[in-house]
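Visitor: If you want the building blocks of each chain, they are given just below.
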Amino acid sequence: MSVAHTIKHKLKAALSPTHLEVIDESHLHAGHVGARPEGETHFRVVIVSPDFEGLSRIDNQRKVHRLLSEELAGPVHALSVRASAS
Amino acid sequence: MLDDATRERIQTEVNGSDVFLFMKGTPVFPQCGFSAAVVQVLTHLGIKFSTLNVLEDPAVRDGIKSFSDWPTIPQLYVKGEFVGGCDIIREMYETGELTDLLEQKGVTAAVNA
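Protein chains in written order, with the working numbering: chain B, 20 to 105; chain Z, 2 to 114.
Hints are supplied without guarantee of correctness; some may be wrong.
When the alpha-carbon atoms are kept at most 25 angstroms apart in a straight line, the in silico BS3-like pairs for lysine-lysine are as follows [what the hints assert, rightly or not]:
1) Z:K80 with Z:K25
2) Z:K66 with Z:K49
3) B:K27 with Z:K106
4) B:K31 with B:K82
5) Z:K80 with Z:K106
6) Z:K49 with Z:K80
7) B:K82 with Z:K49
8) B:K29 with Z:K49
Bear in mind the hints are in silico, worked out from the structure with no lab data behind them.
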């Protein structure tokens, strides 16, 4: 499974999002530190889930970080997150 | 991993300035687009801030992740409190919340900014 698919799969399973975009922006960082020739290093996630209701921005994002901790410790060099409840 | 010496060093840094940014590179030569974006926001607001270049300090680069419970750089602290990384700062800037927070915390723009 590609990194993008894994990210999508994990977030879907854990947060039942009403909206989810996982965008691979690695091409924007080609040649930059942390970039790999095969890509899949820089991602942008836009996620809307009722699970974020009542949480601060920091806690929303921490939720996403925790779910993707393996990816962040491995192939993913940068993860941009926009998380909201609605 | 966060040893006591590094924790103390980080704590001293965040307590030492009203606005403190852990970043890659320096405000003049940021070495990462996300760090550059936060510098740009703070500069635009005319806020005086101090920075630490984690690329020159591997212990802090690693330790700050546990210290803040946040896996990525940049990280912004205001009056010793963690505010967020690049996405949060950008969002808060766009909605005006960042200005409100700085005002609440008594941080005002430099007169000559």
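Visitor: Which constraints among the numbered hints does this structure fail? Numbers only, ascending.
Guide: When the structure is compared with the hints, numbers 3, 7 and 8 turn out to be violated.
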